[in-house]
Each structure stands twice: as C-alpha cells, then as structure tokens.
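**Q** Each protein sequence line maps, in turn, to chains Z and B. Just so you know, my numbering puts the end of the first sequence at 851, numbered straight through with nothing missing. Just so you know, my numbering puts the end of the second sequence at 698, numbered straight through with nothing missing.
Watch out, some of these pointers could steer you wrong.
As the list claims (entries may be wrong) - Label pairs and their computed distance ranges (CB to CB):
(1) Phe825(Z) <-> Lys373(B): 43 to 53 angstroms
(2) Glu282(B) <-> Leu807(Z): 28 to 38 angstroms
(3) Gly730(Z) <-> Glu521(B): 55 to 65 angstroms
(4) Ala203(B) <-> Pro662(Z): 52 to 62 angstroms
As the list claims (entries may be wrong) - A few chain B positions that, by computed beta-carbon distances, are all more than 12 angstroms from chain Z:
(5) Val58
(6) Glu170
(7) Ala504
(8) Ala530
(9) Val665
(10) Pro674
(11) Leu694
Don't read these hints as lab results, they were simulated from the structure. Bear in mind that the values here come from a model prediction, so they are computed numbers and not experimental data. Idealized CB from N, CA, C, for every residue including glycine.
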Amino acid sequence: MDAHHWQNLVVAVLVSGAVVAWLRARRSDLWRDAGRQVVKRRPLACSVVAFYSVLALADAVSWKSDDPDCAGLSQHKPRSVIDRAFRCDFQERSYSAPLADREFYGGNELTFPGLHPMGTDIRGRDVLHLALKGARIALLIGGFTSLIVIPLALFFGISAGYFGGRVDDAVFFVISVLSSIPGLLLLIALIMVLGHGALQVCIAMGITSWVGFSRVVRGETFKLRELEYVQAARALGVSEFKIIWRHIVPNLMHLVVITFVLLFSGLVLSEAILAWLGIGIDGSWGQMIDMARDELSRDPIIWWNLAAASIALFGLILAVNFVGDAVRDVLDPKTLREDA
Amino acid sequence: MRIRRVRLAWVAWIASSALLLSCSNNPYPGADDTVKVRYGALPSAPKTLDPAVTYSSLEHKITANVYETLLEYHYLKRPYTLMPGLAQAVPEARPLGDGRVAYRFDVRPGMLFQDDPCFELGEVGRRTREILASDFAFQLMRIGDPEIPSQVVQTFSKLDGFSQFRERLKQLRESEEGFAELRIDLQYRRAGPIEGIRVDGDTGLELVLSEVYPQLLYWFAMPFTAPVPWEAVVYYDGKEGRDFFRDHPVSSGPFKIAEYDRFFRIVMVRNENWYGVRHPEWKAPGTVYPSSGEPGDAAAGLLDPDYVGRSLPLLDRIEYRIEKESIPYFNKFLQGYYDAAGIIRESFDKVVQQGRLSSEMKARGMRLEKSVDPAISYLGFNMNDAVVGTPGGDKARKLRQAMSLAVDAEEYKRIFINGRGILAQTPIPPGLFGYDPDYRNPYRTPDLDAARKLLEEAGYTGGIDPETGEPLHLTFDIGDASTRTRVTYGFFIDAWAELGLDVELAATNYNQFREKVKKGSYQIFTWGWIADYPDPENFLFLLWGPMAQATSLGPNTANFDHPRFNELFLEMKDRPNDVRRIALIREMREILERERPWIELLHSESYALYHGWLKNLKPAGLSLPQAKYMDIDAGLRAAQRVEWNDPIVWPAWAVTGIGIAIVIPGILTFLRERQ
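Please put together the full structure from these sequences, using the hints given.
**A** Take a look at the structure:
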C-alpha cells in the first residue's frame, strides 16, 4: 500500500473512532448535556472549529487520478480534496499580490491573472491554497501531540497519585527534572536528535508538554483514592488496575477534555515558534509566518503571505480557546457550582 | 509645598523634553567630522586574527590591512596581476633539474614592524625591529605546526621537508619532556630546519618545492604568509593580563590595530612604521596609488589625476562596528553613518532599478559598483551513487544531463537573488584564465523537451522508474534547514518534478550534512566555491579524482573521478597561461559538459553601494588590502549627515503639548479638589 492509502486509512479510523465516541457520549447524560451546553454557549466558535476540522480531513484524504491539468510528477502524486479545489498547474513564477494580473517584482504577466485571491508566494504558489492546507498540519500537531501528551500524563500522574510512596518519588523526580530544563531548548535538542518531520516534531512536543498535566492528574488522583467507593473497592479485594480503570480514570475524564482543548492551541502556537527558529514542519502556517520575516522587510512590502497564515492561525486558536473555555465552564465541578 | 512640587514637575518635564529634542543620532564623536575615517561594519567579530589561521573574508578584512605580504595584487588590473609587496620583485621559478623548483624572494631591507612592547623580549627597551627573511620562515613553520589549525597546510606541504618538520615537531612534543614548554621559536629550531625554506642573511628567502607549482606565488599575496615576529607569538600568550596573539596582531602593514573590542568595534590607525610611510621615496608599487587599470576604470573615477602616484595610505583611521543585523546596518548606511554597504535583499528593488542605481539613491550622491566574484555555486551529483553516479553508466549520465537541462538558473537568479550573478557554463568564473565568454554549455540552456527525451533514453520515461513503476525517487541534501533555504531549494525540486522525478529535499543542519557527505550517503547536493587565487586550477581541482571526498576527504564532493580529466588536470595545473593550457581546459570542459557531475548555477556578483564621499573603491572578489587606496571627503560626509539626519521634532512637541493639555490640568484639578 502507498503512503496515501495508509493516510486515508488513518483518517477513516479516526473518523470512525470519533463517530463511535460521539455515539457513546450520547448515551451518557453527562456528556450529552455537556456537548449541548458547549455548542449552546459558543455556537460560532464550535462552527469554526468544525470548519477547520473539515478542511483538515479534506486535505488528509487523497487519491490519484488522471487529471488533464497535471503534468510531470503531479500526475503520479495523490491529490487531496483541497488540492482538487485548485487546478493542478495553478502556479505562477514568483510573487504576485492578491487578485493581481502581473508579477509583483518584474511585472511579468501571470498565467492565471486575477485568480489568486490571496496572491502567490516566492515560488508562485497560491497562498490561499497553502493557507487551507496548513489546517491539516495545525490539527495534526494539536491532535496527534495531545494523543501523546495525555496518555503519558495520565500514566505518570495516576501512578504517582494512586500508589504514592516510592513510585510518587520516582515520578516526581522525573517531573522535576523535566521541569527544570528550559522547554524550548529541550524541544530543539529533541528535534535535532529525532529529525525534522511532522511526526518527529509532534513526538518532541509531546515529550516536553506532559509534565504540567501530569501534576494536575497526580493531585486529583490523591483526592480520588481516598474517596469511600475507592476504599470500598479496595476492601472488597478489587485489583489495583481495575480500581484505576473503573473508578479513577472516568473521574479524570473532564480534566482530560479540558486539558486537550487548552493544550491544543498552545501546541499549534509552539509549532509557529519552532518554525520561526527554522525547525518547524513543511507546509505549516508557522513556516509561512517565518518566510514573512524576510518579506516584511522588503521594499515594497510583501504582506499577503503573513496575513493569510496569521488570519488562519488566529481564527483557529481563538475558536479553540473559546470552545476550551466553554468546555471548562461546563465540565469543571467548581465552575458548575459557581454557575448554580 | 504642593505648589512647589507641581512647579518642580513642570521644570523636570520641560528639561527632559528639551534634552530629548536636542539628542542626535550620530554614533560618532564630533571630532571625527574632520578626520579621514572610513566607517564600516562587520556582521560578527573575526574568530581570530592569527594570519596562519584566518580564512574567511570577514577576517581578511582586518588581516589584509594589518599584515603586509611579500607580493600583492594590482588594485585595479583585471585579470588579477601580482606585483611586489615586501619583496623587491615577483620571483621567477628556477628549475632544479629533478622535478623540483625554487623561488627566491629578496625582502626589502630596512622595513619595520609596528611599535609594540613584545619586542622587549629581544632587547630591553626595544619597541620595534626590522622585518627579516627569518620572520617569513617563522610564519611558514607556524603553518606547519600541528597545534595551529591552519587550513593551508596541504598547500605548503609541497615545500621540501615541510611534512617531515610537522611530524618531527609533533613527535618531539609527545616524546621529549619539557620540549612543549620551550619558547616557540626554539621548538621550531630544534624540530627544523625545513629543507625547502632557506634563509639567506637578513633579506634572502629561497623556497624549494618538490614539484612544479606556479600557483604558490598567489599564496604569498595572502595574509597566511605575512611576516610574524616570534616575539609577538611568545609575548601574547594570554597570561598576566596580556592578550592572545590571535587578538593582537603586530602589524607590518599600512594600518595597525588601535582598539579591538570583539563585541563593539575594531579600530585601525595608520602604521607610521609601514615601509610606504617611512620610505615614500622608494615609490614601491604597493605604496603609491596606481596609474593604470582595466578599461573603464578612468570613467569610473578610479584613475583620478589627484590620486595617481600619491603615497598611501590615504586614510587616517578605519573603524569597523559590529552590526549583527543587516537591516539596521543598511539603515545606518542610508543615514550616512557607514560609508559603504552591500545591498540587502529586502531593499534591492528600492536601490537598484533595471540593473542601475535608482534615481532616489543617485540624488543622494550614492554610487554603485558591480563586480563578478571569482566564485561558483552549483548543484552536484554524488558520482559514487548507483543511480545518479558513475556506477549507473550511460543511464545515469543521461539522467544527469536531463536534470541539468531542467534547471533554469536564469529564473532562479531572478527570483531568489535579485538577478545578481552571471550564469555559469563551466566551473571557471570570469576574470580567470580559461574563461570563455562565448562558450554556451548545451546542457545549461533549459529545454524540457530535450530533457524528457533524455530521460526516456535513460529508461525513465515520464520520470517513472521501471523497477518500481513509480516516479524515480532521489534525495537532494542541503546543509541548512531554515525555512527560506527550504523554500529556495524547492525551486529545483519543482523543476525536476516537471520531468516527473520525485526528488526529496533533505534539509539538515550543516554538521549533519557534513557527516552525510563524509559517509557518502547523498545523491544530489549543493555547494559553492570562492577562489583562493585567480587561477583555473583552483576551480578545476574541485573535480580532480585524487581530491575526491570519498577517498581523500578532499573538496571534490561530487567524487568525480574521470581518468582522462585527471590526466588533463595534471598537465594543465602547472603550465603557464599559454595556448596549450587553453586547449587542455577546453578538453576538460568537454568532459564536464558530457559527464555532468555538476549543474553549474551562477558566478555571483557583488554590488557595492557607497556614498559619494568615499573615493577609489573598486570591488574585488579576492581579499585585497583595499583600504590603503581609499580616501574620504570628511567635510562632505559631515555636511550630508547633518542634512539627512535633521531630527523630526514635531511628534515630540505634539506629545509634550498633549501632555500639558491633558495631564497637567488634571493634576491641578485633583490638587484643587483635595484642598
């Protein structure tokens, strides 16, 4: 199977998983009400996040086909749904301003005059196309890294909080060591070791981002393990693993959801910083912003590349933050009480 | 009491406003306005000023003006021409009969180093001493010292006994107790002599080479071989508050270091002991402004009768400031605080329009000088690779030819480097013997149809690898992972994609890239080369088999090893610039044209932008001691700085006015209400 087949398979699994999770959540009063509340509180933000998710999925699903516009390598490469929204040869030779009919420098006539709503970049690529494709990278960074962070944080946090003693000492030692290393330096060092690909960057960010959440989980687990029903389960001889799985983890899920949403925007922004340092992911908004470092100091200025990436990044982060706040308001028992 | 406070606040407000408004942005003292000071900037401090070690053009900006050499290049003539410096004449090769050859330099007598306390080591109270032939021999021994990381060791290993001296010195240091603690000149004396370096009295220096190597003379026009007094190396050891020698050159050149602050500025002043200053009556070629140059120099004002024949140096002082960022540097240049600047990419379109200086810049009295660098940038193939290299046979050759035809260097130049540079057809840049301006490499004119046909002949129809049924996958390694570089080199990926080739850009940091090159695990790479000296040998050796990276860690990164090319190179490298040499170069060119180990891109072009008050600047791709020929019209500079930096005060007054109108009445109302 080709790489794009695997990618399509992963997308199918993810979508199926999301559907199953949604169906299961509907059966639970807590999650169903929480979902409704979140959508009710932040309808626009939820729509924006959904829009970005659709964009990301549309760019993740790709297939090969005989397209008359495609020549050379592009006729053998799979094209995503987003790619198919644009012509295969929808490229100029260099910079052009939004909706321009001539190149920005040199004044050569464009192949597709007036058809680039956000202009083109230094290699003549359509900036709107690049900005839309950036959504997949952003969601990949936020989503995949969170999938690394959350299990790590849960494992270490629950182990330390539930077992206490030497396990707690050991976990806390690891947490303290990682906390004492400047995060950005550790991240750069890990990327240097692991390499520059999207997967490697996500792993590096995952390794450096779990500590804070782990502390929260540890504290919460300390509290949970002393509750009567946990004590009762222990007195009845239920195994430790079962207690954790049946009684501790479900009671931490609201924290997981809140953390996931809040972590997400931080991770997407972190990639932009990494791109600024020259170690970001190809095709990300961070990379587009990094290119703007040169473009903004040009005379005359090239602004559209930065504008497109910034608006796309801003839109996603703002929407996710709003949704995150709503999720916290709905799921956090403290805020629930305050609301009541 | 409160009213007094309010009055005090008023006075403080007005005083600070007046102080701010009277500030100037001039970073230099006013006294400099009447002195001939050349102001420049460096992006970082030199790592070292030890002439045996310095190699970068940045370091040579200092060392070329501080260290005088036996020979030097004519300031104006192109192709570059050697002329005597500290030597009385440019020596001729004297064959010794057994394949060896000798050069004899006669050093001018009566020349002095700059005044420096280090010379007290030789004699109490002595502040300077004569420059002797033994000082050149000492410096050559320093190049051979295994503890000094000189990059030109290989070059001088052609001197009889040079490598043996290096080995002996190493062994003595390892085996003999206390040897390494001996004074450095005594260590060299014990490990020496070097048979190929013969000192004859105070002024005679004879060098014997084991093989013919006419390019040797060029190395004596570079700071590597400048005279170094042993006293300086011993005295400046970094102990008891003394500098290290690498930070404290003892000058033999027209300027000497007056201040060396690695983080702020480097100041050089006239060296009163320089032979041009002490003996103007000699009219030595390197001490007077030249009377001839290349065509166009007179029109460019470089042969102004006011300067021709004048004793050098013309400047009193040179001041380099450290400017890490190019944009502030360029802005200060526009304000008149630097005399010259390269043109930053970001402002290129404002400064240069249709290849000429823009009218805006012309109106400010600026000038633009262009010169093609003796340099080349290229894309290379690893010729040891099974797919793109020699093992791939005719199939791989056709693949390389097709890939070469797909790369449009003219477009690359236009989009990414502001059109600066001329298209390279062979490795030899303009200005060097063997460069043929009329030659057009048939594989360097983009032709996608021909490229597709070649690919088909190679068995990769439409770029498809018949073994996999997928587009042929190749890797293009670059040693810089920054976004800009990745986007820039994506240009070539796009070009090859048009042929249907799937070339992956592997961007790593430079060290990782070097490691890949060392291991030979690369297919396509990019590199460049700047001439050490103006000879075709210095470019063609980059493709000489014995210099292959894989076998000798040499600079032949393409690992090109073509028996006929190697044979031709051996004959060409030591020949004088004659008809036979041209014929050899042409045959080598034909081999490169056919075999395509490189896709030649560009010979870069330097644009020097400078103010009208800076006289006699001629850009050079080689590190020449340019500063001694330059002059400054300090009066014009001072006047234009004042004109261009007239402070815009209305915003400050406006802010002050708003402050008075809003803040003060507010305070007064507050105080009144409290009363």
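**Q** Next, verify each hint and record whether it holds.
**A** Hints and how they fare:
no. : hint                                        : result
1   : Phe825(Z) <-> Lys373(B): 43 to 53 angstroms : violated, 30 angstroms
2   : Glu282(B) <-> Leu807(Z): 28 to 38 angstroms : holds, 36 angstroms
3   : Gly730(Z) <-> Glu521(B): 55 to 65 angstroms : holds, 59 angstroms
4   : Ala203(B) <-> Pro662(Z): 52 to 62 angstroms : holds, 58 angstroms
5   : Val58                                       : holds, 33 angstroms
6   : Glu170                                      : holds, 31 angstroms
7   : Ala504                                      : violated, 6 angstroms
8   : Ala530                                      : violated, 7 angstroms
9   : Val665                                      : holds, 25 angstroms
10  : Pro674                                      : holds, 22 angstroms
11  : Leu694                                      : holds, 43 angstroms
Hint compliance for this structure: hints 1, 7 and 8 are not met, and every other hint is.
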